[in-house]
Every structure is written in structure tokens, then in C-alpha cells.
Amino acid sequence: MNAALIFSIIEKGLTVIPLLIQAGSTVMPLIERLRAVAKGGTEGTVTIGELEALERDLDAALDEFNAPLPPA
Amino acid sequence: MRKYVAIVMVALSLGGCAQLSAVSGGIGLITKTIQNPVTEQELFAIEASMRIVVEALLTYRRACLAGSADKNCRSNIEAIQPYTKQIKPLLVELRSFVKNDDQINAVVVYNRLSTLYTTVKSSAAQLGIPLGA
Numbered sequence: 002m003n004a005a006l007i008f009s010i011i012e013k014g015l016t017v018i019p020l021l022i023q024a025g026s027t028v029m030p031l032i033e034r035l036r037a038v039a040k041g042g043t044e045g046t047v048t049i050g051e052l053e054a055l056e057r058d059l060d061a062a063l064d065e066f067n068a069p070l071p072p073a
Numbered sequence: 015m016r017k018y019v020a021i022v023m024v025a026l027s028l029g030g031c032a033q034l035s036a037v038s039g040g041i042g043l044i045t046k047t048i049q050n051p052v053t054e055q056e057l058f059a060i061e062a063s064m065r066i067v068v069e070a071l072l073t074y075r076r077a078c079l080a081g082s083a084d085k086n087c088r089s090n091i092e093a094i095q096p097y098t099k100q101i102k103p104l105l106v107e108l109r110s111f112v113k114n115d116d117q118i119n120a121v122v123v124y125n126r127l128s129t130l131y132t133t134v135k136s137s138a139a140q141l142g143i144p145l146g147a
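For the record, the sequence lines run as chains A and B. Residue numbers for the first sequence follow my numbering, so the first one is 2 and each next one is one higher. Residue numbers for the second sequence follow my numbering, so the first one is 15 and each next one is one higher.
The hints are simulated quantities; they were obtained by calculation from the structure and are not laboratory data. Think of the CB as a built atom: it goes at the ideal place given N, C-alpha and C, for glycine as much as any other residue. Heads up, a few of these hints could be off.
Label pairs and their computed distance ranges (CB to CB) [what the hints assert, rightly or not]: (1) B:Q100 with A:T48: 25 to 31 Å; (2) B:S110 with A:G41: 20 to 26 Å; (3) A:D64 with B:S110: 14 to 20 Å; (4) A:G45 with B:N86: 44 to 50 Å; (5) A:P72 with B:P51: 44 to 50 Å.
No farther apart than 30 Å at their CA atoms in a straight line, the calculated lysine-lysine pairs in the DSSO-like style are these [said to hold, decoys possible]: (6) B:K85 with B:K99; (7) A:K40 with B:K113; (8) B:K46 with B:K113; (9) B:K102 with B:K85; (10) B:K46 with B:K99; (11) A:K40 with B:K102; (12) A:K40 with B:K46; (13) B:K46 with B:K102; (14) B:K113 with B:K102.
Okay, chain A solo, but in the shape it has when bound (with noise of 0.2 Å):
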């Protein structure tokens, strides 16, 4: 599949979610994040590290949700 078309698709398919969800969700930065890289995909400017950080904070998010709940 043609990379810049995944990532156009991507980028349009992010920048609708705003208006459905309005500002003040928790959620936003995050998907303005994801549109950032997305378009830079598209441009071909997008970085390694920017991908990387990427992982990285999926992997903590991933790490705070399986956490074990503390006592009630």
C-alpha cells in the first residue's frame, strides 16, 4: 500500500475527531500529536525520534493502564 496514501488518510480521518469531541477532552494533545506525525508522514518530514517517542509513550500508557489497581 502507497505510504503517503495511508498517511493522508490517516491525517483526514484525525481531523474530523476534533470537532466530535470537543476541547477540554484529555484525548486532544494526544491527537494532535498523532496528526502531527501523521502529516509528516505525508511530507516525508517526520523523524525517527519523533516515531520513537511515539513508542515510548504508547509503552508507558500501555504500563500505567496495566498497573495493578491500589486498594479501594
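Could you slot chain B onto chain A? The hints should help.
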């Protein structure tokens, strides 16, 4: 009132996730074969999809710990964790296989992750945590 606002925010977050899941799910999360290898772009697509779903789950967890989620939230989270705990080791493997162009193993791991992604979403939906279609 504060609880109500928090619940609405969680719902809005999850609504957004549904949209991204729909977008990314239609792009990257298809069954792979050796003839249809896993590219770095598709690795990004599956990581982005996972990231949004995990963010939704994290929002739910944080709301649960803050006392603003539903009364079953703790058991819901514990029911999903066996699946989400499988994601990270598979992602680590997939990143390595894609970067080293080991497509035989990349395809196997990608398909396991894709199945797991669907399982997490459907399990969450069954528990009343709507993460999207």
C-alpha cells in the same frame, strides 16, 4: 456536578476514539500474509490505533480511581488487563521484526496484535466501555 462533567468527558473521549478506530481500523488492521508484508507505515498505523484505545482505557482507569466512573469500573479494568498486558511484548517484537525486515515473523506478530486489538475493543464493549466499532 464534578462527577457528571468527568463522565461526560470520558464519554466524549471514547467517542473520539471510535472515530479514530474506524479510520485506522480500515487501513492497517487487516490480516497480513507474506505476499502482503508489514510496512513501517502500517506499524505506525497500528501503534496509533493502539495508542488511542489505550488512552481511552487510561481515561476510564483515572476516572475510576477518582471515583467518577461507574461502580463496576474496577472489575471492568481487571477484566480487560489480561488482554492489554499482551500488547506491549507483541509490539516490541513487531517493531524489531519490521525494522529488521523479518517479514515472516512480522506478519505472524502483526496478525496476533490485530486479533488482540479487536478482542480488547469487543471485551470493553461487553463491559460497557465503548471504544468504537
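Hints versus structure:
For the hinted restraint 25 to 31 Å between Q100 (chain B) and T48 (chain A), the CB-CB distance of approximately 30 Å keeps it satisfied. Taking the beta carbon of each, S110 (chain B) and G41 (chain A) are about 23 Å apart, inside 20 to 26 Å as hinted. Range check, D64 (chain A) to S110 (chain B): Cβ separation about 19 Å, and the 14 to 20 Å hint holds. At about 47 Å, the beta-carbon gap between G45 (chain A) and N86 (chain B) stays in the expected band of 44 to 50 Å.
At about 47 Å, the CB distance of P72 (chain A) to P51 (chain B) agrees with the hint of 44 to 50 Å. Proximity of K85 (chain B) to K99 (chain B) is assessed by CA-CA distance (about 23 Å); at most 30 Å being required, the pair is judged to hold. A distance of roughly 21 Å separates the Cα atoms of K40 (chain A) and K113 (chain B); the hinted pair therefore holds under the 30 Å criterion. For the hint linking K46 (chain B) to K113 (chain B), the alpha-carbon distance of about 17 Å falls within 30 Å, and the restraint holds.
Between K102 (chain B) and K85 (chain B) the CA atoms are separated by roughly 28 Å; this keeps the pair inside 30 Å, and the hint holds. Pair hint K46 (chain B) plus K99 (chain B) holds up; C-alpha atoms about 23 Å apart against a cutoff of 30 Å. Annotation: proposed proximity of K40 (chain A) to K102 (chain B) holds, straight-line Cα distance about 25 Å (limit 30 Å). Of the supplied pair hints, the one linking K40 (chain A) and K46 (chain B) holds, its CA atoms being roughly 25 Å apart against a limit of 30 Å.
At roughly 20 Å between alpha-carbon atoms, K46 (chain B) and K102 (chain B) fall within 30 Å of each other, so this suggested pair holds. For a cut-off of 30 Å, the pair hint linking K113 (chain B) to K102 (chain B) stands: about 17 Å separates their Cα positions.
Every hint, counting from the list given before, is met by this structure.
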